[in-house]
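S.K.: The primary structure of each chain is shown beneath.
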Amino acid sequence: MFKLFLVIITLLLVACGNPAEDSPSPRLSAADVLGNNDVEGFLRAEQPRLFSFPQDHGPHKGFRNEWWYLTGNVETQAGRRFAYQVTFFSTAIRSNEEDSCKTDVFAWCTNTIWMGHAAVSDVSEEVHYAAERFTRQEPGLAGARLNPFRVWLQDWKLFSGVDDFPWELEIFADDFVLSLSLSATKKPVLQGVNGLSQKSPEPGNASYYYSLTNLETSGQLFLGGETYNVAGSSWMDREWGTSALAADQSGWDWFSLQFDEGRELMYYQLRRLNGDTHPGSSGNATSLMGTQTQIMPEQMQLEELNTWQAPDGTLYTTRWQMKYLDNDWIIQAVFEDQLMDVSFQYWEGAVDVIESSSGKVVGRGYLEMVR
Amino acid sequence: MTLPGDNVMTDMPAKKAASVSPGFRLLLRSALRYAVKRRWQTILNILGIMVGVMMVVAVDLANNSARQAFDSSLEILNGQITHQIYAGSSGISDNIFRRLKTELGLQRAAPSLSGQVRVNNRELTLLGIDAISEGAMQRSRPGLPDQAFSVTGNFIAAIGSIDSVVMETNLAQSLGLAVGDVFSISTFRNIQGSSRQATLAAVFRSPNAELTGELILADIAAAQYLLQRAGNLDAIDLVLDEENISQIQSWLPPGLMLVEADTRNDNLRQMSEAFHINLLAMSLLSLLVAGLLIYNTVTLSVIQRQQTLGIFRALGVSRRQIFSLVMLENAAVGLLASILGVSAGFVLGSYLVTMVTATVDNLYLNLAVTKFFVDPALLLKGLVLGILLSLVSGVLPAIHAARSIPVTLQHQAAKDSEWQNKIHLLAFPGIILLVAGWALLLPEYGSLLTGFIALTLMVFGFCLLVPIFLYWMLTALLILAGTWAGLPGVMALRNARSAINRTGLAVAALCVAVSVTVGVGVMVGSFRGTVILWLEQSLPGDLQLSAITTDIQTQSFPENMLEELVGLEGLLSMHYSIQEQVESEFGPLRLGANNIPAVERFYLKEVTPDGLADLDAGLGVFISEPLSYLQKIKLNDSISLLTQNGLVDFPVLGIIYDYTSGFGLVQMHDSLYDRHWSRRNVVRLTLNIDNEFDEDTVQKSVRDIVDKQGQQFNLVSNRQLRELTLQIFDRTFAITNVLRLLAILVAFIGVASTLMALQLEKFREFAILRASGMTPVQIVSLILKQTTVLGVCAGLLALPLGYLMSDILIDVINRRSFGWSMQHFLPESVLIEAFALAVVAALLAGIYPAWRATRIKPVLALREE
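In the order they appear, the protein sequences are chains S and F. The first sequence runs 1 to 371 under the numbering used here. The second sequence runs 1001 to 1865 under the numbering used here.
There could be a bad hint or two in this list.
Looking from chain S toward chain F, a few residues come up when the C-beta cut is under 10 angstroms (computed) [to be verified]:
id: 1; residue: I93
id: 2; residue: W108
id: 3; residue: C109
id: 4; residue: T112
id: 5; residue: I113
id: 6; residue: T135
id: 7; residue: G140
id: 8; residue: A142
id: 9; residue: R145
id: 10; residue: P148
id: 11; residue: Q154
id: 12; residue: D155
id: 13; residue: G313
What the hints contain is simulated information worked out from the structure, not anything from laboratory work. Glycine is no exception: its CB is placed at the ideal position from the N, C-alpha and C atoms.
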């Protein structure tokens, strides 16, 4: 999903001043930034493209934004459940055309700023731990590359000995350390129309978007002085593009669901400033064999059943009813406070998928809400 | 205070008497009339205190501003950090920062790089920032932009760019720059400097603009580009907790050092403190002169009014009241003069501050802030000091006044001759003080404070000897020039000798005043002379060639250029020199290395028997004198330097004179350097010209070869280098010269006012002389001769005292403050200047009394007799 690169802007404001004389608040609205009109010199996601792997796991130069975004539900052999999310997000300050780093003598010269978010949900204790990192790309403080595949932000890294799986994820935070091994069980799922995900009507307000909907996951989690050997399933979203939101869009709800029987479903609904859903909403269902079906907004019915109020007063929906075709599910947060209380606040946490008719848990997943 | 014989009105509290008694009001009126009548004397008196107070206040304010600038600069450049990582050599590699972040994941770490630059002929500090690292650093750096600042332009555009900068709105305006403008920024790293183009990406309005008023902010990438420091940083700033410290200590690659920020800053601060103490001492010396001046003039005013006061005593005015009157006069003069002095000091201080900060800047730390900070407490201190000084200096004369005998006729002459016998008694304590002062100076490593105490003791001791010296001088003059001088001359000399209690005091005051100018003048002259000598001895070769940019990657001399130079006719030899900063157990030091034979390139102070040969063989190092003195390192000791293999002890083979900066200097041979450092930084090429060829011609040929490389290299002759060094020297010591000029001013006022008072006192005598048939011309001649003789005596006596003072300043004060020792030079101009000052001031002092004396109406004057 579109991650929160406005967080970066927020940070820059705190660190070095306010870019706009007329906006005294350091917190910008999502539309201010995601709808950024200054796209001069950047490539844009305008046409469908041919994806090829593993090359597309690596970086795509020329676009403003790109991210590697992992969520997963894991548990110990004894059945103690945890969930995690890790994001590597990069944004360019200037387009390549304006790039002044012509000489490599000046190692600090950089176009790109990176943000990292990591969180662990301790489901049985109902505690959520979050961490955040920022850095400029150069001199080698963060980056992404192939041969072999590697994405890193300071000492956080997602890497492989070769270009393909398994990948290793290493995250060091104050509260926890994650060391996981990830292997794809299905081929990449191209979201939107053949991987071109249109976010608002204007051409180019889109991204290239694919997902690895089922990554077999195993490894270790260090938390509270204990080491847990965990295993489970992860999901990775990959997106790159230059601009996304239109002026009347303000946030979104994003679901990534993995069903026990081997199907996956991704759906996002964009929200208007007044809270209504925006017709740009979209999704995709993946069958056991990897067959994809695009989900149109009119096929999806989402109802908000229960909300949780963050300390700042923002309401987040922690219990949803989702009706798709002839399915009827309840999407229930595993616990309510999975708030990402970092530079930019949002809610991101593990959910259970419950069949409405039987009340049985039929899957697990992740939910992100930006308000 | 209880006064002897103060029992006439014991039942009347003095305070009540002072405010109510009509008699006291009468006294006040008489005092006022006296002050108006002797207005020139009153004005000079006020002026003397005023200048004294002015100097103290100005120096205090300037010192304080420089200290504040020092602290603010540290605050802005460092912020609140706990540690810094320093590398040996010149700067820390970018690589280290990357590894610190990617291997250790250290969050509260930020790169640090700043330097002096010049924009539109203004000297500014360019500060490199990695705004993203700063977010995690969370250090307070007052003055740097945060969200409270209003910004015009695009701040974010500056991030990661190599040529964008931002600055405070007012600074941009004063430089005539607007957002989007492209302008030149040049560095100081080379004599001719070289510049690069920068774009002003944004301006911001800061709530504390005084902190950022001389600061250009740039991304760390732009800082490297604009400061021409590609590839390295000054340091890495850190905020660490206990756990981090040990983690980093064990991780740190050899060649790097983890330093506590406070310790390092305190070292720098202490070094610059010695300089501030020196300035303060000079200003206090002037205040001391002002004190002597007050004592002198108040004494004279009391003597002059002896008769009036006697009449008041006869009328029943108590001793306490007369004492109060004189003290009240002192307080009034003190108050008025202090108010004027504080005001003038405020104005002068705002000029001095640039000089003081220039010195601190040259010697210790690049100051990013140079603002005139006014601490009201310092103004109050000046005011109180001035008033106290006038009161304390006036106490003795006031007691003297209170002792006035209630008779109408005074026997002044009888009293004066009494004094002639007492001057011998004064000489004994004088000698004791001199000896005590000398004894205090004996230990080699004394404190600065004992140095100043010794100086004060010796000055006072000398003062007590002045009356007897003067008596002898006058007697000798009477014998030598008695007949030649004529009647007025003889009278002038006899008169001065018989009034030795007053003339002695006046001459002592003048002598101290003038000697300050001699002492400081000789000191600065000696220093300058020494620096010239040092430059001649320690600058090898004839031409120095260096790379203009100091980017590591671009720093080497092209082979083809070297080949051409080798083939050049008239060029005898070439040597590489390496200059960089190295960390040591004593903080940062400068390190120099080359393969020029030691004999040719050092101004040696001490050396081990085989020191020169051993240095050439790479067996040890030479260290600079300040380093040796301040850190108490002796020959054959060793010094620990941070090399690329960690700390290494180097034997000290010699101690060399060095006057380049407050930091220490370590010199070694190339071969030793190569063993411990693999990277060669800031390479300079020293060229020797064959004596048989014309220097200018060879220099021109060299320049032609060098210019073929474009604007990459900088060629300077040693002659130019010497001139430049002396320019920097003069800039560094400009403040000392200003204070010396002010001391001259105080001295001048002192001489004039004291001698004028002496003459004015004698008016009745002149009237009698006129009545006895002396012509006005003869009286004028008498007055001018007497003031001149006293001026000459003061001038002559000031020379040995000044020389003594300069000795103490050179060998004790400067050494204890900076660790520098210097050769003694006696600049004749200083001596002539001082002597002329005394004589001219004395002559001028005689003019007004002489002019008044010609208008005496003997009859009127005599009527009072």
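S.K.: Hint by hint, note whether the structure agrees.
M.R.: Now for the hints, and whether the structure bears them out:
For the restraint placing S:I93 at the interface with chain F, the shortest Cβ-Cβ distance is roughly 6 angstroms, inside the 10 angstroms limit, so the hint holds. A cut of 10 angstroms between beta carbons decides the hint on S:W108: the least distance to chain F is about 4 angstroms, and the hint holds. For S:C109, the interface hint holds, the least distance from its beta-carbon to any beta-carbon of chain F being 4 angstroms, beneath 10 angstroms. A cut of 10 angstroms between beta carbons decides the hint on S:T112: the least distance to chain F is about 8 angstroms, and the hint holds.
Against a cut-off of 10 angstroms between C-beta atoms, the interface hint on S:I113 holds, since the closest Cβ of chain F lies about 6 angstroms away. Satisfaction of the interface hint for S:T135 is found here, the shortest Cβ-Cβ separation to chain F being roughly 6 angstroms, below the 10 angstroms cut-off. A least Cβ separation of about 5 angstroms between S:G140 and chain F falls short of the 10 angstroms threshold, and the interface hint therefore holds. Checking S:A142 against chain F: minimum C-beta separation of about 8 angstroms stays under 10 angstroms; hint holds.
Taken as an interface hint, S:R145 does not check out: its beta carbon lies about 14 angstroms from the nearest beta carbon of chain F, beyond 10 angstroms. Residue-level restraint check for S:P148 is violated (minimum Cβ-Cβ distance to chain F is 16 angstroms; threshold 10 angstroms). For S:Q154, the interface hint holds, since its Cβ comes within 10 angstroms of a Cβ in chain F; the closest pair sits about 4 angstroms apart. With a least beta-carbon distance of about 3 angstroms to chain F, the hint placing S:D155 at the interface is held under the 10 angstroms criterion.
Annotation: S:G313 was flagged as interfacial toward chain F, and the flag is violated, the nearest CB pair being 22 angstroms apart, outside 10 angstroms.
Violation of the numbered hints given earlier is confined to hints 9, 10 and 13; the remaining hints are satisfied by the structure.
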